[in-house]
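Visitor: These protein sequence lines map, in sequence, to chains A and B.
All residue numbers for the first sequence refer to the numbering used here, where the first residue is 1 and numbers rise by one.
All residue numbers for the second sequence refer to the numbering used here, where the first residue is 147 and numbers rise by one.
There's no promise every hint is true.
What the hints assert, rightly or not - Here are the computed lysine to aspartate or glutamate pairs in the EDC-like style, where the Cα-Cα straight-line distance is at most 16 Å:
(1) A:40 with B:610
(2) A:62 with B:593
(3) B:155 with B:372
(4) B:426 with A:124
(5) B:384 with B:593
(6) A:29 with B:605
(7) A:29 with B:610
To be verified - Heads up, incomplete: computed chain A residues facing chain B, CB under 10 Å, no partners named:
(8) 25
(9) 28
(10) 32
(11) 35
(12) 36
(13) 40
(14) 41
(15) 44
(16) 45
(17) 47
(18) 48
(19) 49
(20) 53
(21) 61
(22) 62
(23) 64
Everything labelled a hint here was simulated from the structure, so no lab data went into it.
Ideal Cβ positions, reconstructed from N, Cα and C, are used throughout, including at glycine.
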Amino acid sequence: MGGKSIYGDKMDILKSIGKKKSKEFDVMKRFAKLIEGKTKEEIRKIEYSLLKPETLPPYMGKTTAQTEHQKRTVAFTFKTQKDVQKLSSHFQVLTYQGNNLHKTDWLMEIVRLLDIGAMEWREETKSFHILNKNLFKKKRKLKRRK
Amino acid sequence: MGKISEEIKTEALDFIKKNKGLKVDFDKHYSGPRISSEFMDCSMPMTFDHYSHCSLGCTYCFAYMFKSNNPNFSERLHSVDVKAIRKGIENDNPGGRQKWMYENFYKKRFLLHWGGMADPFCNFEKTNGDGYKLLKILGENAYPTLFSFKGSCIFRPRYQKLFEKYADQKNFAFQVSIITGDDDLARQVEIGVPIPSKRIKAIKMLSDMGYYTILRLRPFIIGITDIGLDELLEKSLKAGIQGVSMEFFAMDSRVTKGMIKRYEWLAELTGIDDIQKYFKQLSPKERGGYLRLNRLVKERFVKKVYQFCLRHNLTFGCSDPDFKELNTSGSCCAMPDKYPDNPELENWTKNQLTYVLKKARQYYHKKGMVAKIHFNDVFKPDEDTYIVDPRLANDHVSMVAKNAGRRFNVTYLDIARDTWNNLRSPGNPRNYFHGKMLPYMLDPNGDLIFKYNPSEYEERWVKEGINLKR
Numbered sequence: 001m002g003g004k005s006i007y008g009d010k011m012d013i014l015k016s017i018g019k020k021k022s023k024e025f026d027v028m029k030r031f032a033k034l035i036e037g038k039t040k041e042e043i044r045k046i047e048y049s050l051l052k053p054e055t056l057p058p059y060m061g062k063t064t065a066q067t068e069h070q071k072r073t074v075a076f077t078f079k080t081q082k083d084v085q086k087l088s089s090h091f092q093v094l095t096y097q098g099n100n101l102h103k104t105d106w107l108m109e110i111v112r113l114l115d116i117g118a119m120e121w122r123e124e125t126k127s128f129h130i131l132n133k134n135l136f137k138k139k140r141k142l143k144r145r146k
Numbered sequence: 147m148g149k150i151s152e153e154i155k156t157e158a159l160d161f162i163k164k165n166k167g168l169k170v171d172f173d174k175h176y177s178g179p180r181i182s183s184e185f186m187d188c189s190m191p192m193t194f195d196h197y198s199h200c201s202l203g204c205t206y207c208f209a210y211m212f213k214s215n216n217p218n219f220s221e222r223l224h225s226v227d228v229k230a231i232r233k234g235i236e237n238d239n240p241g242g243r244q245k246w247m248y249e250n251f252y253k254k255r256f257l258l259h260w261g262g263m264a265d266p267f268c269n270f271e272k273t274n275g276d277g278y279k280l281l282k283i284l285g286e287n288a289y290p291t292l293f294s295f296k297g298s299c300i301f302r303p304r305y306q307k308l309f310e311k312y313a314d315q316k317n318f319a320f321q322v323s324i325i326t327g328d329d330d331l332a333r334q335v336e337i338g339v340p341i342p343s344k345r346i347k348a349i350k351m352l353s354d355m356g357y358y359t360i361l362r363l364r365p366f367i368i369g370i371t372d373i374g375l376d377e378l379l380e381k382s383l384k385a386g387i388q389g390v391s392m393e394f395f396a397m398d399s400r401v402t403k404g405m406i407k408r409y410e411w412l413a414e415l416t417g418i419d420d421i422q423k424y425f426k427q428l429s430p431k432e433r434g435g436y437l438r439l440n441r442l443v444k445e446r447f448v449k450k451v452y453q454f455c456l457r458h459n460l461t462f463g464c465s466d467p468d469f470k471e472l473n474t475s476g477s478c479c480a481m482p483d484k485y486p487d488n489p490e491l492e493n494w495t496k497n498q499l500t501y502v503l504k505k506a507r508q509y510y511h512k513k514g515m516v517a518k519i520h521f522n523d524v525f526k527p528d529e530d531t532y533i534v535d536p537r538l539a540n541d542h543v544s545m546v547a548k549n550a551g552r553r554f555n556v557t558y559l560d561i562a563r564d565t566w567n568n569l570r571s572p573g574n575p576r577n578y579f580h581g582k583m584l585p586y587m588l589d590p591n592g593d594l595i596f597k598y599n600p601s602e603y604e605e606r607w608v609k610e611g612i613n614l615k616r
């Protein structure tokens with residue numbers, strides 16, 4: 001904690017304590033009175049009904065772009081190997097399994113991408129186009145109906 | 147009640163009998179030292195056990211929970227490679243893990259914590275004696291070491307002689323774990339473990355030799371530890387303790403059949419009707435499946451121990467995520483900030499959240515201002531080189547089920563950054579300290595800045611005349 005990271009917000013704190021005081025102060029005061037002369041079984045019951053965890057205030061500000069949840073590894077399917085090579089020039093590829101599933105599909109694992117199910121390279125826009133995530137599920141369903 | 151008690155005792159005693167005289171299996175070595183999975187708020191991340199498991203039958207044991215949930219766990223006993231560790235400590239051409247440890251820790255004479263998941267002086271040590279060989283190496287090198295224990299092997303003459311021999315160096319410190327001062331009650335919970343009065347004798351023996359000793363009130367079990375707490379504190383003080391470290395019992399929601407029985411037994415002793423329901427109701431959900439009770443339930447016990455430490459000028463340590471800000475040193479194991487008798491015992495890291503929270507609490511109570519905490523001010527790769535060493539982080543619990551490419555490229559700094567910025571993670575400071583640090587905004591690097599959040603109890607305690615500036 002260097003000097004730059006600590007600076008005062010005195011008013012904020014006074015306000016926040018004022019808000020908390022009414023609820024928790026009363027609970028603890030009540031609890032202290034209720035447990036006087038009680039057995040431990042009775043005290044556990046009072047704790048159970050009275051001392052519930054405080055509710056945390058929500059954080060409404062900005063979060064960082066990449067969380068662990070977003071960075072989780074996902075499987076991608078591509079039409080050609082060229083698409084795979086293009087992708088690996090843009091993103092870090094950690095494991096390349098190279099399984100040829102259906103002659104034109106390629107399975108690989110990459111990191112640092114958002115939650116995307118499938119995509120393809122489009123020359124006209126020079127970018128990856130995101131396909132419908134449930135594309136393959138839908139195909140399977142259609143086959144069953146037939 | 148009788149039936150459960152008998153079942154638990156029989157199981158634990160069978161375990162002890164089965165393990166009596168168990169010899170080390172030399173087909174492979176147990177890996178150590180390792181980095182603590184709680185490195186984000188741990189002052190001694192280099193933690194060590196010399197056997198793969200422990201011979202004691204404590205019914206609350208968290209290591210039992212972790213190991214009984216681990217499908218790779220083997221009942222065969224393995225010990226660390228003593229020769230390899232000697233090479234590491236003495237820099238005698240070490241290889242593998244010992245080389246990594248030398249580069250990141252031994253070279254800097256960083257404090258070694260011995261007794262993280264098992265007991266250094268349990269019955270396995272009586273039979274095998276590998277720990278004795280290691281003690282000699284540590285003593286000869288005057289290497290700073292903290293022991294956490296409750297086993298009785300330390301009373302054996304050759305161990306006593308060894309500790310007496312190195313007493314002048316004062317490179318050793320000891321934490322003695324006691325959960326109740328009542329011998330009869332302890333016998334029902336800690337089966338096959340030396341009774342508390344014997345452990346107090348161990349504190350006395352080591353304190354008389356001149357070593358720094360700590361009463362380790364861990365796990366503090368509400369309904370057990372609070373009975374006769376004043377007496378236990380007084381007895382420990384008389385025996386010579388210089389610090390107290392506490393942490394409350396937490397319940398793992400991933401239970402095995404063995405654990406359910408143990409939980410039921412603890413519930414009966416503590417006066418809880420349904421222990422799973424009790425812990426689920428009273429534990430903040432933000433902390434995930436390792437259920438830790440909330441701050442309000444613990445407050446009266448922490449207050450008592452904190453005030454006792456202030457009165458007797460002892461170091462107060464709280465390893466629990468709640469009340470962590472009350473630590474009077476930056477180490478929640480109650481190691482001192484300053485120890486002039488051997489400054490190497492101060493050689494634990496300050497680049498962790500326990501130290502930061504303590505400073506933030508002092509800053510608020512001394513100056514009335516709130517600290518803003520930046521990621522780069524907490525984790526400093528220049529000082530703690532281990533956090534950027536990719537050879538060390540692949541066995542961290544968060545790397546389970548990750549592919550090899552990710553596991554062997556990740557560092558502890560990456561894990562810390564992910565946890566710091568992921569508000570869904572149980573380890574995120576907002577969730578883990580349950581609102582003691584609140585996210586405030588992003589810094590230019592895209593990392594969250596947290597604010598110290600003074601609690602209502604702090605104002606109440608100050609009004610009662612309790613010093614929160616220490």
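Visitor: Now tell me, hint by hint, if it's right for this structure.
Guide: Hints and how they fare:
Proposed proximity of residue 40 (chain A) and residue 610 (chain B) is contradicted: the alpha carbons are some 26 Å apart, above 16 Å. Proposed proximity of residue 62 (chain A) and residue 593 (chain B) is supported: the alpha carbons are some 10 Å apart, at most 16 Å. In summary, the hint linking residue 155 (chain B) to residue 372 (chain B) is not supported, as the alpha carbons are separated by about 23 Å, beyond the 16 Å threshold. Distance hint between residue 426 (chain B) and residue 124 (chain A) is unfulfilled; the C-alpha atoms sit about 55 Å from each other, more than 16 Å.
For the suggested pair residue 384 (chain B) and residue 593 (chain B), the alpha carbons sit about 48 Å apart, so the restraint of at most 16 Å is broken. Distance restraint check for residue 29 (chain A) and residue 605 (chain B): the Cα-Cα separation of roughly 14 Å lies within the 16 Å cut-off, and the hinted pair is therefore satisfied. Distance check on the hinted pair: residue 29 (chain A) and residue 610 (chain B) sit about 13 Å apart at the alpha-carbon level, within 16 Å; holds. The restraint placing residue 25 (chain A) at the interface with chain B holds, with a minimum CB-CB distance near 6 Å, inside the 10 Å limit.
With a least beta-carbon distance of about 7 Å to chain B, the hint placing residue 28 (chain A) at the interface is held under the 10 Å criterion. The restraint placing residue 32 (chain A) at the interface with chain B holds, with a minimum CB-CB distance near 8 Å, inside the 10 Å limit. A cut of 10 Å between beta carbons decides the hint on residue 35 (chain A): the least distance to chain B is about 9 Å, and the hint holds. For the restraint placing residue 36 (chain A) at the interface with chain B, the shortest Cβ-Cβ distance is roughly 12 Å, beyond the 10 Å limit, so the hint is violated.
About 4 Å separates the beta-carbon of residue 40 (chain A) from the nearest beta-carbon of chain B, less than 10 Å, and the hint is met. Proximity of residue 41 (chain A) to chain B holds as hinted, the smallest CB-CB distance being about 4 Å (cut-off 10 Å). Of the supplied interface hints, the one on residue 44 (chain A) holds, with its beta-carbon coming within about 5 Å of a beta-carbon of chain B, less than 10 Å. Checking residue 45 (chain A) against chain B by beta carbon gives a least distance of about 7 Å; that is within 10 Å, so the hint holds.
Hint status for residue 47 (chain A) relative to chain B: holds, with the closest Cβ pair at about 6 Å, below 10 Å. Using the Cβ-Cβ criterion of 10 Å, the hint placing residue 48 (chain A) at the interface with chain B is satisfied: the shortest such distance is roughly 6 Å. Annotation: residue 49 (chain A) was flagged as interfacial toward chain B, and the flag holds, the nearest CB pair being 9 Å apart, inside 10 Å. Here the hint on residue 53 (chain A) is kept, as its CB sits about 4 Å from the closest CB of chain B, short of 10 Å.
Annotation: residue 61 (chain A) was flagged as interfacial toward chain B, and the flag holds, the nearest CB pair being 5 Å apart, inside 10 Å. Among the interface hints, the one on residue 62 (chain A) holds; its C-beta lies about 5 Å from the nearest C-beta in chain B, closer than the 10 Å criterion. Proximity of residue 64 (chain A) to chain B holds as hinted, the smallest CB-CB distance being about 4 Å (cut-off 10 Å).
Checked against the numbered hints given earlier, this structure breaks hints 1, 3, 4, 5, 12; the rest are met.
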